[in-house]
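Enquirer: Which chain is which? The protein sequence lines are B and F, in order. The first sequence begins at 1 in the working numbering and counts up one residue at a time. The second sequence begins at 1001 in the working numbering and counts up one residue at a time.
In short, the hints are calculated from the structure, not lab data. Check before you lean on any hint, since a few could be wrong.
Okay, derived cross-link-like pairs now, DMTMM-like style, lysine to aspartate or glutamate, Cα gap no bigger than 20 Å in a straight line [claimed, not checked]:
#1 K1005(F) with E25(B)
#2 K254(B) with E129(B)
#3 K261(B) with E136(B)
#4 K254(B) with D92(B)
#5 K77(B) with E136(B)
#6 K1014(F) with D173(B)
#7 K121(B) with E199(B)
#8 K1010(F) with D174(B)
#9 K1010(F) with E117(B)
#10 K261(B) with D144(B)
#11 K246(B) with E199(B)
#12 K1010(F) with D19(B)
#13 K22(B) with E1107(F)
#14 K22(B) with E117(B)
#15 K1014(F) with D174(B)
#16 K1005(F) with D23(B)
#17 K225(B) with E1061(F)
#18 K1005(F) with D111(B)
#19 K159(B) with D139(B)
#20 K7(B) with D92(B)
#21 K77(B) with E29(B)
#22 K1014(F) with D43(B)
#23 K77(B) with D53(B)
#24 K1010(F) with D43(B)
#25 K225(B) with E1106(F)
#26 K91(B) with D43(B)
#27 K159(B) with E1003(F)
#28 K1010(F) with D173(B)
#29 K1010(F) with D111(B)
#30 K49(B) with D19(B)
#31 K1010(F) with D30(B)
#32 K77(B) with D111(B)
#33 K254(B) with E199(B)
#34 K254(B) with D139(B)
#35 K1005(F) with D19(B)
#36 K159(B) with D92(B)
Computed far set for chain F versus chain B, every beta-carbon distance over 10 Å [what the hints assert, rightly or not]:
#37 G1023
#38 E1025
#39 V1044
#40 A1051
Glycine included, each C-beta is placed from N, C-alpha and C at the ideal position.
Chain residues, written in single-letter form:
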Amino acid sequence: MSNENEKLQNFIFRVRRFDPGKDSEPYYEDFVVPCGPGMVVLDGLWYIKEHLDPTLSWRSSCRMGVCGSCGMLLNGKPHLACHTQVRDISKDILLVAPLPNFNIVRDLVPDLAPMLEKHRKLNTRIIREDIEEVLEPTDQYWQDPEDLTAYLQFAYCIKCGCCMAACPTLATDDVYSGPMPLTQGYRYLIDTRDGAFRERAKLLSSEIGPWRCHYAGECSAVCPKGVDPARAIQLMKRELVWDLVKLGKRRHQKPVGLLPKENRATERREGIAEAPEFTIEGATSPAE
Amino acid sequence: MPEIKQYPNKLGLKGWVVGGKWGPERYLYTLHRVTGLGILLYFVMHIFVTATRSISQELWERTMAGVSGTFFLVGEYLVFVAFAFHALNGLRLALIELGVLTGPAEEPIYPYKSSLNVQRPYMVVMMILAAAVVLAGGYDFFIATGH
């Protein structure tokens, strides 16, 4: 333990505070936080809450870069607090502020609701006519590996809002949807299981579409999951332009269906392991 | 449910200019917008100046005399610089926006590489070309014409 303490170094966490009940505008408050090697910013915030000021507020959940709750501005750049080691981005003073381009609810808590509303407006779900099969699936829809690769990168988005905070277009434009909703819009636009290309193209040709993006590229630079929203937005423009001038692949004339019964595998292929035995009596699947 | 007071935290125009420790593409984005507005402003002024010719010969000559001199020569050169940058950067953006310089979607494997890495060599080439055009223009504006 003594060796561990020797490795501790005091950092100043300069945290932007705002209490809607008593403050008219945000201000900065300094906290001295002892940080060891490997300590992430979120650990530092917990240290402040437990030892220095229990009123400090932020949003976090999984602590492992999966839930996307703890996006914040660290030394001027959007990061996940649980994913960023203090010593990697600071030598002595660490500026901690809520994500810009979102209203501040309290301290480090941004209001993500407008972003999620824009996400909802872009119909970010599979839309098909065979509702019965969607609700009560009898088998899986058939996709080539290339079809999967076309959208898989963009499906890793955790909706943390870091890209929205980094976007200079959003800084002056409320109507533009922003990188996260548009990336998810593209993810469904090119999904071969989707049957609503025409409706999506019409929606995206308006001012909420991708046209106000001019590739500052910061959304891709700050994305903690490597989703590359800037790429998705440019590819979306290409799809829409190609569709307008009737060039390129004619996508989604009809969404893919189920694999025909005669083509489905009826026997287990050689080398594929059997499913594990049920561990609980009465279970209907090994995972139960 | 009572409305919760929130503090507006939009960056506004500051979001364009406070680049901080960001990538070169963000600065090009801002410069592209600023040069675009500059060229537009020049275009409007140009229309007003040349429109005087349709009013009278004397007004035209008086206006042309008013916009000659070193100050306006430098101003015109700055418009040329803005044009050279805007045109070549615009070409890069057009290729990016048609998905030519972004590359296809790929599995994100850490350390992540994005479309920024794909287009960056082209960005460097375009900026070198823009610099060459700007230098050649400078020679023509200030040296070859004897100003």
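Enquirer: Please name the hints from earlier in the document that this structure breaks, with their numbers sorted from lowest to highest.
Expert: The structure conflicts with hints 4, 5, 13, 14, 17, 19, 22, 23, 24, 27, 31, 36, 37, 38, although it agrees with all the remaining ones.
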